[in-house]
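S.K.: Chain by chain, the residues run as shown.
2 protein chains.
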Amino acid sequence: MNNSDIRLNNLVLPQELGRLTIPQCEYLCREIRQKIIKTVLKNGGHLSSNLGTVELTVALHRVFHSPADKIIWDVGHQVYAHKLLTGRYDNFSSLRKENGISGFCRPGESEHDVFISGHSSTSISAALGFAEAMKQNGNKHHAIAIIGDGAFTGGLAYEGLNNAGKSNDNLIIILNHNDMSISKNVGAFAKYLTSIRGNTAYINAKKKVEQILANTPIVGEPIKNFLSVSKTAIKSVVYHSTMFEDMGFVYLGPIDGHNISELEEALRAAKKLHKPVFVHVNTIKGKGFRPAEINPGAFHAIPSSGYDKKNPNNNVTNSFSEIFGKKLCELADKDSNICAITAAMKYGTGLQHFASKHPNRFYDVGIAEQHAVTFSAGLACEGKIPVFAVYSSFLQRSYDQLIHDASIEKTHIVLGIDRSGFVGEDGETHQGLLDVPMLLTIPNTTVYSPSTYKELEMCLESALYKTDGIAAVRYPKGEETVTIGIEDTDSFSLLQNGSDKLAVSYGRIVHNLYAATDCDVLKLVKIYPIELSVIELCLNYKEIYFFEESSQAGGLAERLLAILYEHGYRGKFVITAVNGFVKQASVSSCLDKYELSVLGMKKILNLNESVNIEN
Amino acid sequence: MNNSDIRLNNLVLPQELGRLTIPQCEYLCREIRQKIIKTVLKNGGHLSSNLGTVELTVALHRVFHSPADKIIWDVGHQVYAHKLLTGRYDNFSSLRKENGISGFCRPGESEHDVFISGHSSTSISAALGFAEAMKQNGNKHHAIAIIGDGAFTGGLAYEGLNNAGKSNDNLIIILNHNDMSISKNVGAFAKYLTSIRGNTAYINAKKKVEQILANTPIVGEPIKNFLSVSKTAIKSVVYHSTMFEDMGFVYLGPIDGHNISELEEALRAAKKLHKPVFVHVNTIKGKGFRPAEINPGAFHAIPSSGYDKKNPNNNVTNSFSEIFGKKLCELADKDSNICAITAAMKYGTGLQHFASKHPNRFYDVGIAEQHAVTFSAGLACEGKIPVFAVYSSFLQRSYDQLIHDASIEKTHIVLGIDRSGFVGEDGETHQGLLDVPMLLTIPNTTVYSPSTYKELEMCLESALYKTDGIAAVRYPKGEETVTIGIEDTDSFSLLQNGSDKLAVSYGRIVHNLYAATDCDVLKLVKIYPIELSVIELCLNYKEIYFFEESSQAGGLAERLLAILYEHGYRGKFVITAVNGFVKQASVSSCLDKYELSVLGMKKILNLNESVNIEN
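Top to bottom, those sequences are chains A and B.
The opening position of the first sequence corresponds to residue 2 in this note's numbering, with each subsequent residue numbered one higher.
The opening position of the second sequence corresponds to residue 2 in this note's numbering, with each subsequent residue numbered one higher.
A few of these clues could be false.
It does not matter which identical chain is meant; a pair holds if it fits inside one copy or across any two.
[To be verified] Listed below are the simulated DMTMM-like cross-link pairs for lysine to aspartate or glutamate, each with C-alpha atoms no more than 20 Å apart in a straight line:
#, residue 1, residue 2
1, 411, 462
2, 192, 246
3, 573, 501
4, 455, 331
5, 543, 567
Calculated directly from the structure, the hints in this document are not laboratory data.
Next up, chain A with everything else stripped away, as it sits in the complex (with noise of 0.2 Å):
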């Protein structure tokens, strides 16, 4: 074959890999990058991690056979190149776009995405039970997991690392290791990693030494003395000499991971092993993309509006979390005992600038949740007013330390919940659809909904300083919408049309509510618990009809349902949200499709009856 005729569109893939030669390999990985990087300028997605894992997807789909060997790759980052070597090249200018290629695995697209991912640190555990159920059905294939340092930080990995060391599976994990999660990777098992990353001649040495200790006569008084003693605790931190080794893994590596040769050579000795293996594999984030290699953190995510590639801080706009962040910093400027605890989100929350005016009271705590949770409770157990800010869709991962840490004792920690409702591109995975319907199973639990800057600006100080238990601040992701004439407030407002009609909603939407109706329109701000005057004022009405970006079942709409039967109203109560999970498509296209958009809010409101409500 000529390089020329080394094109993607040339192969049958992945099974041809496996016939191409070293410099043929290398021949595609220069298509493939060229690809992402012009994919992703013009759709968006993430660009760094993607662009580092070039050469080890071709490695690995060279050595092993998926989707009969299990291909697992953690958050899923890192997948574009295996979506273009696994039936996707054809597709990909619909990445991430409505009805076309998701960003991360996803197996009703491919059999080659064997599990789902856009959470983190979730590869370990999945790859485990694929090896263990193959080995009960005597299948030979192997499970490989394929996990950045900065999924590491999260302790389902360690959870899942924990079991998987003493399994004798046929179980590999890979560590890409680019020295970065989102923002640079933190904490004490990343400068570890880190440790061993820089240490090249590591495999070398430990061969050295351990052959010197068999073989060697043992010569000179002190020496004898040292060896004679020492030996036997010698040879075990010789040879349990990483983590990895001390927890039941083989471990090879570093390897570089831009080297296919290299990759090869690892991953073919992984797999005559059969056993758990740990392969350390060195990678830089924005490999091959000179602005990116610079500044991996800045092409991390690439909005899907355009980017400007030359200033990637020019892309910086005003946003519901820029706005966060500002205000956050402005009001720890008056009060020292504002702490600021993200998980790896600094810039994504906005908390850049609390970070570099206050680094001594802000916390990156890495992909780590449910540390964020218990840890800001102990801080708030000595005076400090804790503020987590997370994704909707990440702080799942804290439900059990809201509840246990922090709302038994009423102990007052303030959560900025940033993405909540529709997400757009990143699709179900990532949608902020459930932190209401959660949120509300926790008792001390104050939520507010703001739907202009202004009122985030506001509700942030009421949850810092007028409530107490868990205080929740949630806003979208983008950029505000403001409705002339409609006062800001961090409670709950009404407007009067002289309507008996009532439409009730909260956050972004209510400003599509404002413009599709002439009813009377109850804005909720402060939306939980719900105060007595709101159930009042329903009350009031022959005819409510609720929005709410939201899944329905234990929503906001439903409790006030409960509670408003429970006054005797006996109205029409309409309820329009959103129910099961919601695939990529633009935000505008999701509220479109439940009826949440301008148009969909008037279809409801002149239907004059009661939508199906799905079970």
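Following the hints, complete the assembly by docking chain B onto the known chain A.
M.R.: Quick look at chain B alone, frame taken from chain A:
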């Protein structure tokens, strides 16, 4: 002071502990042990783990000054000696009784219980929160976490460790290493700890190697070669020879946890260092009580109903857990795809039968509920039918994994949810009152709530074979009640008494309802999703009384009301359920308090008007 004066009730504690001699302390430890054994055998509670920490507790309170120094006990299984030394001696006979001393740390009970405990693996994160807050406040006191090797299998502990090791705080982590979690501890990490535990020469050998490497002239050819090549490599492995040192801690240990002098020496050394220290303490679970030393698992938790000391196996009575375990084992005899998973609760969940009969399909993953679910999802992807048996309260740890790793792709995993509803003496941290609201927020989930053993068996079979997605079977702690003349079902059943009132319930309290009323009674067994036939049935009535042994907000009653409302129901709908957290008290006392006993139900049904719904 004479030894005879060294009595818990003669001393001002914990302050006067510091004045005692070591033999006097040992004398006091004997009294503490006797008090614990006597009280626990009478009241029930955790025995083995509390007997293991007596000397450690005394040493801690001699070296540190609680509550200025923050002593944070993980889980709380180990906290009885601490309670006896900090003001709870006089009232200790009320241990685990209604309005009495809690079996866990409760900040409301004493200023010495600085952080709530009940769920595992929280102490490091909490202690780090205290330590960071104290640092910010210029407070030089210490935060000390005491955590068992069992709790170390939880990912949250690792998240905490990862963040703690990089800090420069007055933080001390004490590993209470007894080689047990609740059953025998599992996992690679446990094996690793045990390898250190055994190595008493560890510290001395390390010191020696270090000295010699620094001072020795190099003599002899092969040795010279060896040292010059690998001196750096050896130094690095010798210095960083435990995982904890790798993670940034000073490691002290292993220490004999029953030798007060040795303990004190280590704690004083740790106190002086003013950086993160990891103290490895070896203890014997059940120490000082022969039957518990021999069989610590059997003496982990003693029921309040009394205990057969001589033959602990006699204490296993029939219970929902036992029936679950036996039925699952029986089904697994016929179906080799069934796998059983537990998070360190083999005996508690009745899985010992499965474990001994099908060891290759039985997985005790440690206290790692997150991993348990994601691992189950992996097994399911390869055609297995994983059944994760877990206590209701601990399932809260898996919320995100249920959503992300199972629900989205409708992956078929089965949950055996034990201890659902009131749990009695363990109190608010262990109540099983949130599993229903939690599961109802998760799409693609079927929930069964059997009221008898027979129904549990039927539901388990249906969950395995007649559902997809997540199938949960929830059942209470303890024994069944049977109402004669009522059919067992895995769906629902209506007892017609010719009434126009309908009383609805599910789970064990259905039997109270049968006894309480002449209304028609609807027993729900497959409680969710709510079947259309159930809705149609309800619509025939003018008054519905729903009794729920669950948290009300987002519970089944509110869900049913929302659906009925949408179908036009406007009759009476009275919900009797639980709001807020429920303190320790017998199950029957809790049922009384929330009007879920026969008497309470009668009261509600006769009131003929709605009860208040707290918001």
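S.K.: Next, verify each hint and record whether it holds.
M.R.: Tested hints:
| no. | hint | in the structure |
| --- | --- | --- |
| 1 | 411 <-> 462 | within (19 Å within a copy, 41 Å between copies) |
| 2 | 192 <-> 246 | both (18 Å within a copy, 12 Å between copies) |
| 3 | 573 <-> 501 | within (11 Å within a copy, 24 Å between copies) |
| 4 | 455 <-> 331 | within (14 Å within a copy, 62 Å between copies) |
| 5 | 543 <-> 567 | both (16 Å within a copy, 15 Å between copies) |
Going down the numbered hints, you'll see the structure goes against none, and every one checks out.
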